[in-house]
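Visitor: I would like the entire structure built from these sequences, with the hints used as guidance.
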Amino acid sequence: MATQTNNQTGFMEKFLGKTDHQLFWITLVIFGIIVGLGVATPEKLAAVLKSMQSFITTNFTWYYMLFTASCLIFSFWMAVGPFANLKLGKDEDEPEFSTMAWLAMLFSAGIGLGFIFWGIAEPIYHYMQTPYGAEPGTAAAVPVALQISYLHWGFHPWSFYAVGGLGIAYFSFKHDQPMTIATSLYGLLGDKTETSIWSKLANLVTAFATIAGISTALGLGILSIKYGLTHITGIEMTPGVTVFVLILFMIAYIASSVSGLKRGLKYMSLINMWLAFAVIAFIFFAGPTLQLLNLFPDSLGLYLSNFVTMTFWTDSMNQAFEGKWLGWWTVFYWAFWIAWVPFVGGFIARISKGRTVREFILWVVLIPSFVMFVCFDIFGGAAILAERAGTVELWKAIQADMGSGIFVLLSAYPMGYFASIMIFISLIIFLITSADSASFLVAMLMSKGELEPKAGMKIVWGFVLGTLAIILLQTGGLKALQTASIVCALPFTVVMIAMMFSIVKGFRKDLKNK
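By our numbering, the letter at position 474 of the sequence shown is numbered 474, and the numbering carries on one by one without gaps.
Hints in this document: simulated from the structure, not taken from any laboratory.
The beta-carbon is built from N, C-alpha and C at its ideal position, and this holds for glycine as well.
Watch out, some of these pointers could steer you wrong.
To be verified - Okay, derived cross-link-like pairs now, EDC-like style, lysine to aspartate or glutamate, Cα gap no bigger than 16 Å in a straight line:
1. K174 <-> E393
2. K18 <-> E450
3. K353 <-> D91
4. K353 <-> E194
5. K448 <-> D91
6. K514 <-> E96
7. K448 <-> D176
8. K87 <-> E452
9. K353 <-> D191
10. K353 <-> D93
11. K174 <-> E236
12. K174 <-> E43
13. K87 <-> E359
14. K14 <-> E452
15. K87 <-> E194
16. K505 <-> D191
17. K90 <-> D176
Said to hold, decoys possible - If you anchor each label on the Cβ, the simulated ranges turn out as follows:
18. F370 <-> I26: 17 to 25 Å
19. F370 <-> Q291: 16 to 24 Å
20. V374 <-> G81: 27 to 35 Å
Guide: Here it is in structure tokens:
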């Protein structure tokens with residue numbers, strides 16, 4: 001019996017590699033229970049998720065807004081303050097990836113398939129259901145709709161990623177600590193980082209937030225892929241076909257993850273960046289180019305002039321859709337991005353060795369934000385202008401199927417069918433690279449920060465991510481996906497607050513000892 005047990009243990013170690021057994025089994029068991037409930041009693045699971053979302057959005061809106069503002073201010077201070085020239089690594093370390101490859105990977109991981117899903121749908125929603133600043137459906141509502149989209153996809157979410165990635169990258173590369181979220185607490189915990197109960201709790205919360213966040217994103221991607229596949233091939237996406245397609249994607253992103261960071265993710269990210277930009281350029285030049293050019297400074301000016309107000313707005317008098325709008329949109333987005341911080345911040349940390357703090361903050365926050373402003377002006381602006389002109393009935397289509405937006409818009413363009421194929425391929429690659437990044441990060445976390453986790457560990461967590469996405473989709477669709485992020489993101493904000501204190505304390509100590 002003892003020999004059999006030893007053989008099983010040996011097989012597990014060989015298959016999974018170095019493993020944090022407590023974290024691995026606690027996380028696996030709890031998500032196994034959630035999946036089991038989703039299969040056995042989907043209605044009850046949906047009801048529980050709904051009540052949890054309602055409680056959080058009702059009672060913690062003020063907290064989410066203040067926390068988000070804190071991350072923005074902290075990121076700005078890091079870029080211009082006394083720590084800006086510190087290097088993420090040893091003094092002699094050079095960047096591992098070229099700037100172009102680095103940007104492509106952080107963009108694919110940080111925005112991924114969510115943009116293709118929301119790039120059309122969100123501006124149309126804000127145009128038709130404008131919460132403030134203009135009457136819905138009017139000309140004045142057009143730049144306001146883009147202004148709100150810029151808020152949700154610009155400096156705010158990228159400041160979350162900057163905070164999450166900065167502490168991990170610095171303490172990991174400078175102080176030779178493992179590549180885990182707990183490492184970002186090294187400035188507070190010192191040599192007790194790996195053994196402290198606080199670091200173990202931080203890693204557990206991280207695992208939950210990461211798995212919930214990426215499962216939400218996978219579900220959103222599948223909603224777009226469902227419509228795109230039907231639009232391009234005519235195949236009817238029944239629930240069974242949807243599950244089958246998601247399983248195929250699961251196999252694809254696990255294979256990509258197992259192939260290794262440099263071979264798999266790097267090249268897929270570069271290909272996808274150029275493919276996505278090609279579609280954006282097509283819409284820009286084939287669409288109302290002059291109007292889009294005029295709309296960009298108009299909407300960007302609104303965004304910048306109202307930046308502080310939007311950052312702190314809590315709708316305290318319940319004016320926007322009886323106080324529900326903020327929970328539907330801004331609070332959901334902040335929770336969604338926060339849930340992505342462990343894997344996007346961790347992944348950005350993994351690829352940012354050799355960068356300075358200033359370089360890291362500016363490139364991670366400013367450049368992707370500006371790219372998103374341009375993308376939303378083109379995608380969202382073209383969609384709203386098409387709706388206003390009556391070229392296509394986008395609002396009607398999106399209400400019927402949230403994943404339809406980009407494909408319905410492209411159907412109004414010359415050669416739109418071929419552009420739809422390109423965006424469909426881009427969507428697939430975004431899904432694979434996002435899930436690849438997440439399964440890589442979770443595997444790294446479960447492997448005590450190993451920079452190259454065993455293939456078996458990536459396979460296990462890639463399977464968990466895909467399975468949870470299937471369950472959430474079958475349980476409650478979009479609402480269930482949103483709720484998963486909102487619920488799991490809240491405790492992770494506490495970890496991020498500790499990160500900021502840890503970064504400042506660690507930076508001050510190292511600067512003093514220089």
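Visitor: Are the hints correct? Go through all of them and say.
Guide: Hint check:
1. K174 <-> E393: The hint is violated at about 54 Å.
2. K18 <-> E450: Status holds; Cα separation ~8 Å.
3. K353 <-> D91: Roughly 11 Å between the alpha carbons, so the hint for K353 and D91 holds.
4. K353 <-> E194: Violated: K353 and E194 sit about 21 Å apart, past 16 Å.
5. K448 <-> D91: Given pair K448, D91 is violated - Cα atoms ~25 Å apart, limit 16 Å.
6. K514 <-> E96: Given that 16 Å is the threshold and the Cα spacing comes to 24 Å, the pair is violated.
7. K448 <-> D176: The given pair, whose Cα atoms are some 13 Å apart, holds under the 16 Å limit.
8. K87 <-> E452: Distance of about 23 Å is beyond 16 Å: violated.
9. K353 <-> D191: 22 Å, violated
10. K353 <-> D93: 7 Å, holds
11. K174 <-> E236: Status violated; Cα separation ~53 Å.
12. K174 <-> E43: Between K174 and E43 the Cα gap is close to 49 Å, so the pair fails against 16 Å, i.e. violated.
13. K87 <-> E359: Cα-Cα ~9 Å, so holds.
14. K14 <-> E452: Since the Cα atoms of K14 and E452 sit roughly 14 Å apart, the hinted pair holds (cutoff 16 Å).
15. K87 <-> E194: 23 Å, violated
16. K505 <-> D191: 14 Å, holds
17. K90 <-> D176: With a Cα-Cα distance of about 10 Å, the restraint between K90 and D176 holds, given a limit of 16 Å.
18. F370 <-> I26: 17 to 25 Å: 41 Å, violated
19. F370 <-> Q291: 16 to 24 Å: Holds, at about 20 Å.
20. V374 <-> G81: 27 to 35 Å: The hinted range 27 to 35 Å holds for V374 and G81, with Cβ atoms some 29 Å apart.
In summary, the structure is inconsistent with hints 1, 4, 5, 6, 8, 9, 11, 12, 15 and 18 from the numbered list given earlier, while agreeing with the others.
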